[in-house]
Amino acid sequence: MRKKFIRKLFRQWDESLPEGLQYRAELRQSRRYFLKAVSIIPAAVLVAGCDNSSSVSTTNASQASLSEQAPWNTFSSVQNHLFPEDTQSPGADDINATGYLKSILELPDFDDADKKFMHDGVGWINDISIEMFKHSFHQLNNSNKEEVLQSIVTSNAGDRWLSLILLYIFEALIADPVYGGNTNKVGWQWLEHIPGFPLPPENKRYYLLK
Amino acid sequence: MKDFDVCIIGSGAGGGPVALTLSEAGYSVLVLEKGPWFTEADFFKDELACCRRSVYTPELKDEMHVLEEYDGQNSDGSYKWSSESTLESGSDFWNGNCIGGSSNFMSGYFYRLKPKDFRLRSEFGEINEANVVDWPIDYEAMEPYYTLAETAVGISGKVIPHQYQEPRSTPDFPYPPTIEHAVSGLIDKACRELNMHPLPTPRAILPIAEGDRNGCAYSGFCGSYGCSTGAKGSSRAALLDKAVKTGNCEIRAHAKVYKLVSNQSGQVTNADYFNKDNKKQSVSAKVFVVACQAIETSRLLLASTGPKHPNGLANNSGQVGKNLLFSAGGSGTGEFTYKQFDTELGQAMKQRGPFVNRNLQDWYYIDDKEFGSPAKGGVIDFLFRHPNGISKANREKRDDNGNLVWGKPLKQRLKTVFADTKYLRFEVFNDWLPTDDCFVSLDSSVKDKWGSPVAKIRLGYHDHDLKVGRYLADKSEQVLRQMNASNIRSSVSGSPPPNLVAGGCRFGNDPATSVLNADCQAHDAENLYVTDGSFMPTGGSVPYTWTIYANAFRVADIIKKRL
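If you read the protein sequences in the order shown, they are chains A and B. For the first sequence, the positions run 1 to 210 when the working numbering is used. For the second sequence, the positions run 1 to 563 when the working numbering is used.
Some hints could be false.
[Unchecked claim] Partial chain A-side listing against chain B, Cβ under 10 Å, derived:
1) PHE133
2) LEU149
3) VAL178
Everything labelled a hint here was simulated from the structure, so no lab data went into it. It should be emphasised that the depicted structure is a prediction, and the values quoted were computed from it without experimental measurement. Beta carbons are placed, not taken as given, at the ideal position from N, Cα and C, and that holds for glycine.
Start from the sequences, fold in the hints, and give me the full structure.
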């Protein structure tokens, strides 16, 4: 009757858990899956991924300029493929998903290992893109991008990395605009989501509270 | 000369009543709290702050737990347990770590225990492999303090007589119920059609302003969020702010107590702690009160060895940490599309803010041949799915097979759950039976950032808990079906909810089988009291907070008499 249940804990109790607990588990578990998987990735790719991340220093770069700089061009391409704009709804660019991701990854309180994981994924996805189509991910057409994503999602590591990319898209879509996403509340308007009040002012953003 | 009359470690529901009672009586009180001091001015409806980042809880890299889970059986039939740090697993086991503790972030579903909960062994007999005992006090001893908490904490509700209504010394609550949602009427109708008896759920939420606290603003973002108006009856807003105003209570935030020092006669003399700069500090007092929430209370006592306490403070019978309790049960959901209602009701269903406030206690005691012999049952609470948008979206990123969804299909899913559907949930609360497989000890290798061994928690549960939980979940699903909800599902498991925790220092009359006496005073350290949920030998079938508040007021009166 008794089963292993710790790892199922968050799924089983789902919404009855305090909200934060579900989420932090996902981040941690993603990292763990990823670290188990990195042995299959050429070391040179991982190093390249890290180098790319350190070459970017402007925190306030616009979405447009970010999409031309490595590694943000890769993040941006993945985000726009996962969350494309259409006539009815905003896409990743409309909610400043890449700028948002960059800003939170650069926060001092963002765990170093988690940050490395996010950047390592860029190296990995580009390595697979080049192997499959001879070009980096952001240079591919839509159907080739889809093939790459369908390929990496079959591995635990790829699944978890994309899962986190989606999570941060949702944050950019729905978190308060004070954090840099959800431009002009476009996410709330599309989803007919009424936020709770009072909303956080700039000087009470979460990383300023502790 | 001692620094203070009373030193309280922990500022949540167990610490606040003691601080207020004794500071109002003129005694000097020091409260040491590990976390920061947030106030209403720091609480916003910010999903990232409340629920996406470690703002109200420690970073796991600094402070973690080790969880032991069942991992099969040895050849001799004994259980195998595997252990893993929460830093590795991500199974974060912290609740609120700040002034007021996790009471800042509760939903405030407030229930009293019932008289039979105080004598579970006598009423329902032994259960094999469960350590069920009667309490050393009865309901009548606690009743005045349940009543006191209604006023002191601010509990709103309405008494409706029913077969299991616990005795009350006052006819009704001091505050009328908070405003209710249209769905409450639909629940009432469905329950009555099923010959069930829906009851209004008392809440630790002020519907109107009182003193320095404002009434509820009905933002719709309550549980997991700090309250911006002070309406929620947290230990901080309701009790500690008043305690500080007496001039007799000092609160030190960022004060992490790592050891209670005891002398040759076994008495506690000092609390040693790290301040915000991680500098060691020490403070003396006549009386020490520990209220760090169950797991951390056991951990602190176990770490506090002394000449008369070689195995940890108050642990000469090896009972500290034993018989840890969570809340058993589970939860379920049913869905309504706004289109299934007429225009007016559809609009009312869309409304966010008013509370559902409905529960069923028809099976608090189960007497049903299909179930088996008469048994302790539990409570069913109805509520809406939490309105947090990011987590709502995040649940939609996988299809029924667990595969990630993106592109247009993902966006369609988001639009549906946000704009077309209302999710009504239920939660089942039943007893988490105390067993030898659920306890706290000190981990032998994992340490926190200050170098102290972290709590290791064995998370075994009793199969009887699942049987009761399933019985109640089936009843709950009947209500959702009667309401014409679709996609009804529920889950009952032995997964412990980390926010509903008690036990570990059970009170009792026999020092060989309990840590505390009936006054919640340690059997073998006469100036040490424990006033969080640790004292509970059995948990009852409701969230613990009201009972923790009431008992802490009771023990505060006892301490006042000795001072």
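Going down the list of hints, with the structure as the test:
For A:PHE133, the interface hint is violated, the least distance from its beta-carbon to any beta-carbon of chain B being 19 Å, above 10 Å. Taking 10 Å as the C-beta cut-off, the interface hint given for A:LEU149 holds, the closest approach to chain B being about 8 Å. With a cut of 10 Å, the hint placing A:VAL178 at the interface with chain B holds, because the nearest CB-to-CB distance is about 8 Å.
Going down the numbered hints, you'll see the structure goes against just number 1.
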